[in-house]
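All chains, full assembly: derive it from the sequences and hints.
Protein chains in written order, with our numbering: chain U, 51 to 619; chain P, 520 to 647.
To be clear, the hints were calculated from the coordinates, so they are not data collected in a lab. Take the hints with a grain of salt, since some may be wrong.
[Stated by the list, open to error] Counterexamples of contact, computed for chain P against chain U with all Cβ distances above 12 Å:
| no. | residue |
| --- | --- |
| 1 | Lys-521 |
| 2 | Ile-531 |
| 3 | Val-533 |
| 4 | Leu-537 |
| 5 | Ile-596 |
| 6 | Leu-597 |
| 7 | Arg-598 |
| 8 | Val-602 |
[To be verified] Calculated cross-link-like contacts (lysine-lysine; reagent style DSSO-like; alpha-carbon spacing at most 27 Å):
| no. | chain 1 | residue 1 | chain 2 | residue 2 |
| --- | --- | --- | --- | --- |
| 9 | U | Lys-114 | P | Lys-585 |
| 10 | U | Lys-524 | U | Lys-512 |
| 11 | P | Lys-571 | U | Lys-192 |
| 12 | P | Lys-554 | U | Lys-232 |
| 13 | U | Lys-192 | P | Lys-548 |
| 14 | U | Lys-232 | P | Lys-555 |
[Said to hold, decoys possible] Reference listing, derived: stretches of chain U covered by chain P, where coverage requires no fewer than 3 residues with Cβ under 8 Å from a Cβ of chain P:
| no. | segment |
| --- | --- |
| 15 | 110-123 |
| 16 | 193-200 |
Every residue gets a Cβ at the ideal spot worked out from N, C-alpha and C, and that includes glycine.
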Amino acid sequence: MPLKKSLSRFYIICFLFITLLFVFIIRLTFIHVFHSQYLTKLALKQHNIYFELPAQRGIVYDRKLKPLVVNIRSYSLFAVPIEIEDKNKVADILSNLLELDKEFILKRISSKKQFAWLKRKLSDRLAKEIRELKIEGLFFMKENRRSYPNGTLASHVLGFADIDNIGLEGIEFSCNKYLQGKPGYAFFVRDAHQSSLKLENSDKLPLDGYDIILTIDQAIQYITENALDKAFRKYNAKSACVVVMDPWSGEVLALVNRPTFDPNNPQNFSFKARRNRTVCDFFEPGSVFKVITASAALEEKIFKEDDKIFCEEGAYKIANHILHDHRPHGWLTFSEVVQKSSNIGVTKIAQKLGLERIQKYAKLFGFGSLSGIELPGETRGLLKPLNSYSKTSIGAVPIGQEVGVSALQLASATSVIANGGLYFSPYIIRRIKDKHNETIKEFRPRCIRRVVSFETSQRIKKILLGVVENGTGKLAQSKEYKFAGKTGTAQKVDPKGGYSHSKFFATFIGFAPEENPRLVIVVVVDEPYPSYYGGVVSAPVFKEIAEESLKYIEAGERVNNLTKLTKIR
Amino acid sequence: MKTPKIIIINLICVVFALFHVFLQTEITKLGYQIKKNEDRFQELIEDNHILKYNVYTLESPYSLNKYALLDNSNLRILRPAQVFGLYPEFKPNLLKEDKNKNFLSKNPVFIALRRFFTGKQAEAKTIK
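Here is the structure:
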């Protein structure tokens, strides 16, 4: 009996085990057949992490390969709000360190989200300081920050990039597609301690952005900025800009605007300070446009340098208007008309020439059209259609009124006179290269057309030399070099109508040295005060830039020659 | 006494299994070491970038000019602690127009006086 009893117990236990096994089998089948996909995904999500490997944005160099824009490491601070215990205290500490509003931080770390940015792209020092506090729930993410080691130098050329490293202004914007690169990715396996481990090489490496080599020369840019700064402050100008160009290629060597901004902190500066006026703004050039009229007259063989023109003793009637000179002149030669900047003399030249031909030459000199420079927001300027001119336009257009030009267009036009009559399209990028120094794109001088003959350009050169030696541009004279140029003092258009009598553009265009020009310089100062003449305000800026830059170029050449000689020996 | 074959086979299997586990552990350990070294290498490269950036900043023309001026003048840059502010911080706003300038530049008497005293130059002038 007891055996029978124990046998029945054995069967019951066996039955229970078999039932349990059966339940397990059903459960396992259920997990493996119906839940397998979901659970595999969950496991993979827990173990595998996918990292985006950001591409390094390209570096921007000057023509001598000095870096103007680089990338450096920075740390972005974020919070996991549920992990922070004393939120009020943390907000208090962080508001002091990050210089942010306490309420803002408190709102961020009190949210129910899993992730909240607190501040991005902190410096190494600040990140270290916060890390040392060992606050629970605060984490850092490594990011690249765009940095400009020269601060404000060439800021309008370089522009700046936003927090996500996307270009917003200047070269950073216009060449974003070259600079940006393509991000890659990497897979890691994560263990229970959240340490990541790379088990196999399944990465797709990021494709770094291309580097850009500009035509800008850091030293000439600095010389130009220094010289313009002095005039900008001295004459309390509203704004000012300078373009320095190589007349034989159209390469922009320096491009300066005032007021300026620091691309490391662009948010601290106004829109006005960030505006690239040399390229984006146009203005009535005033007397500097007389060079175009004079070139047209000589090219068309209507006048010779010695031809006499009667300047009506300072008052000349055109249609129903009377045109004035600042100083009454009687008989002047053609050269003297330009050198003394007689409005009446130039108008008389223009009357013989006709507006049609002036318009034609203005277009040939590059006015009224885009130059194609690789900077954003370039203006065409203003060159009205011929049929929209009035009867008085013949006394306005030849002396630089009723036309709008940009400083860059003026520089290209001046280059035509300096280089013997050829129009070169201006450019600011020399080369785009990858990290292995392979050229991706190369920019070369582009001679677009012949504007005037070599002979005409030489004749105009001599007249412009006279402007500096005997005319209105005496303050541009140098003891060491011979410079040629033309002054301009243009009244600004009054928004109420007509021209302002208190607001002017003081301009100087010129090239240096006169015999074999190496630099073309255009200086434009907007609303200088108290003095407002181009010959007083802008000519000394031209002189300083030209003298210093030529010395720098010559010194560089001497060093190069010495190096070559040493190599030969 | 002869050891049964099945035990020997089992033992060999266990040894191989243990060796496999040992290898896997070593691979994982090595993986961690490699990751650590790679991170360190990356960090050093980034430190190098920061140091280079500092050099570029020091070599920038503005900095060089400042140091050249200091060398030539035997002056030194003041530390913030050496500066005493006697007035509230003044930030000149270059963009803001000078009120005085505006008033004077609109004043016809001032314009007339300025024209009278300032030397004249032949430049473009409006057609009247």
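Taking the hints in turn, this is what the structure says about them:
With 12 Å as the threshold on Cβ separation, the claim that Lys-521(P) sits away from chain U holds: the shortest Cβ distance comes to roughly 36 Å. Residue-level check passed: Ile-531(P) sits 28 Å from the nearest beta carbon of chain U, beyond 12 Å. Remark: the non-interface label on Val-533(P) is consistent with the geometry, its nearest Cβ contact in chain U lying 26 Å away (cut-off 12 Å). Separation of Leu-537(P) from chain U is adequate, the least Cβ-Cβ distance of about 21 Å exceeding the 12 Å criterion.
No Cβ of chain U comes within 12 Å of the Cβ of Ile-596(P); the nearest lies about 16 Å off, and the non-interface call holds. Taking the minimum C-beta to C-beta distance to chain U, about 20 Å, the non-interface status of Leu-597(P) holds against the 12 Å cut. Under the 12 Å C-beta cut-off, the non-interface status given to Arg-598(P) relative to chain U holds; the minimum distance is some 18 Å. Residue-level check passed: Val-602(P) sits 21 Å from the nearest beta carbon of chain U, beyond 12 Å.
Pair hint Lys-114(U) plus Lys-585(P) holds up; C-alpha atoms about 22 Å apart against a cutoff of 27 Å. The suggested pairing of Lys-524(U) with Lys-512(U) holds, with an alpha-carbon distance near 15 Å, which does not exceed 27 Å. A distance of roughly 19 Å separates the Cα atoms of Lys-571(P) and Lys-192(U); the hinted pair therefore holds under the 27 Å criterion. Between Lys-554(P) and Lys-232(U) the CA atoms are separated by roughly 24 Å; this keeps the pair inside 27 Å, and the hint holds.
A threshold of 27 Å between alpha carbons decides the hint, and for Lys-192(U) with Lys-548(P) the separation of about 25 Å falls inside it, so the pair holds. A hinted pair counts as satisfied when its Cα atoms are at most 27 Å apart, and Lys-232(U) with Lys-555(P) qualifies at roughly 26 Å. For a cut-off of 8 Å, the count of residues in the segment 110-123 of chain U with a CB near a CB of chain P stands at 6, and the three-residue condition holds. Counting residues of the segment 193-200 of chain U whose beta carbon lies closer than 8 Å to any beta carbon of chain P gives 3, which reaches the threshold of three, so the coverage claim holds.
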